[in-house]
Amino acid sequence: MAQIELKNVQKFFGPVQVIKDMDLTINDGEFVVMLGQSGCGKTTTLRAIAGLETVTSGEIFIDGVAVHEKKAADRDIAFVFQSFSLYPHMNVYENIAFPLRAVGMSNAERDKAVKEVAEILQITALLDRRPSALAGGDMQRVAIGRALVRRPKALLMDEPIGALDAKLREEMRSEIKRLHISRGSTSVYVTHDQIEAMSLADRIVIMHDGLLQQIGAPDEVYLKPANLFVAEFVGSPVMNVADVVLAASGGQIQVRLGHGDAGFHFPAGLTNHLKETGADIALGIRPEAVSLQHDAKDGYIPVETTNIEPLGSHDIVDIKLGDISLRARTESGFVSGEGQQVWVNIDPAQAHFFDRSSGLALRGQS
Amino acid sequence: MAGIRTRREVFFNRAAIAGVMVALFIMLVPIYWITSTAFKPRNLATTIPPTVLFTPEISPFVKLFTKRSQLRDPVAQEIYDAAPWWEQMVFDGGQKVVRSNKGVVRRSGYGQRFLNSLIIAITSTFLAVSMGTLTAYGFSRFKVKGEDDWMFFILSTRMLPPVVVAIPMFLMYRLVGLHDTHIGLIILYTAFNLSFSVWLMKGFIDEIPREYEEAALVDGYTRMQAFFKVVLPEAMTGIAATAVFCFITAWNEYAFALIMTNRKAQTAPPFIPSQIGSGLPDWTVIAAGTFLFLLPVAIFTFLLRNHLLRGMSFGAIRK
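First to last, the sequence lines map onto chains L and B. Be aware that the first sequence starts at 2, since it is given in this note's numbering, and climbs by one per residue. Be aware that the second sequence starts at 126, since it is given in this note's numbering, and climbs by one per residue.
Worth double-checking, as some hints may not be accurate.
To be verified - Think about it this way: if two alpha-carbon atoms lie no more than 16 Å apart in a straight line, the pair counts; the simulated EDC-like pairs of lysine to aspartate or glutamate are:
no. : chain 1 : residue 1 : chain 2 : residue 2
1   : B       : 268       : L       : 54
2   : B       : 354       : L       : 95
3   : L       : 178       : L       : 160
4   : L       : 154       : L       : 77
5   : L       : 21        : L       : 31
6   : L       : 8         : L       : 22
I should point out that these hints are in silico values taken from the structure, not numbers from a laboratory.
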């Protein structure tokens, strides 16, 4: 197992820059998930680490050794593809044994290694089947088995469970996590699914347009998004973002949304740092930090509900506040229908402020 | 597919089967004609209306593989007795009686011509398919400067009917000493088939996901190893289809074989009509030669049928 280091990596496809100034260190034994929309450069980054893509400039180190000019075969890493890419003309056993044949291992050793991996992944019964006779989940187990059998320095996975259906995805997700914990392999995992990212990662790397947006533990990314992109990308349902106007009123600050006169009261300490920035300010607030009440209460603003999404464990309620719409998370059945009058407030401790023009988060000292 | 079919579907299904049977019958008539003529006695080959029921005999094949010359004197009984059965058959026309007007028997050129055909067709097919596959792989997987122009150039070599350049080709071949040589025809047929092979194989290789090779590359194989261990087995379908087409073209080629060869490297197609001879044409011998000539293509196609069934539906290969 090994540490992977990217230093100032740039990648152009023709005139298009798909990786911009990438600096990233993945520690030994760490599970890093690269998260972003399609086309953000995450897969290209992964392929560059694997050696399937050359980099235009910059350096890549695996275990302190510069590899960016080495062939994929000489980097000693394994890659799991979204399409599984099991060789159709070989059976499962041969597929798993294929990487071992490249290194010229003895037959007995190879046999032992294949059977051991098959045991761990519970695919022993499938060893003499052809890939075409496998179910999706088993195909992915075989693909992971093929990657692990050689005991590579690092395991790279490109949306490995993206092609499976929802239930199987959940199952494989916990299996990948279990495998990672038991094997402790340095893993880089690419996905556009934030739930996968949150549940698997030690650290999440969020990318957008070839640029790193934020690197951090899942809760850090969720609770302290570095910018508007991360704030809106991570979390489901997405964070409410609205332009705000700050107005002082008797020792407290009023945060006004939707061009209305009514505003939420924030303790002055939380908004002090906003005064210096002359920029337009946007407020980000997650639906679970928006609370609704049936009756009027101090600090609450009367609003009307516009839409309700019952999700079983909870409801997502849309409310109209001035000329904007906010989404709130309530217990299920809290609001009976559209057009109902409720009172709304937000939790100042869970509010995020962003500079509208740069998108960067505006945080106080606390 | 539902188990229950409507009346309408049943009707169309039966109509389709009937249509296929009619087409099959029409297509098989020439095959039947050649095959039956190849086993007919000479006097029944040209009757009108055609003779359908006859006692088959192999004398046309014997005549095909032998060369007979007239003798002034009848064959002596002891020579007749000492001769193997096929020569006896030529001496007496299958009558078991020594006749006076028969001749000496030597081997005809057909066996050698047939062998030439096999050598030339198989070698040129192998060359065209292997070079075509490698070229197609290069075009499919790597960025080639002016790829479209190159591909068009390769295709354009087929735009001129080859016979148009037969005379200059003949003169060039004579100049460099390739006239009437195996290697000469092999080069020629390989060149004919190469562009076709490149285009066909490119289609097939484009269909093979790159991830297969990438997986092999990451797993410690070189590009060449990945090509042989992963791409080639996956491309077998396409290779089989391309090989059948190339083999048929090289096997059936007539015009250049006629012009470029006369003896040593002559293939079967120009030889068969030369057996018509100077006297009354013996169609049974022609039919026998043609019948044998049809077999290799049939066998070759039969052996590769499993690959072809998938291969003909270009690009329908998916895991």
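Practice task
Taking the numbered hints from earlier one at a time, note which ones the structure violates and give those numbers from smallest to largest.
Solution key: 5
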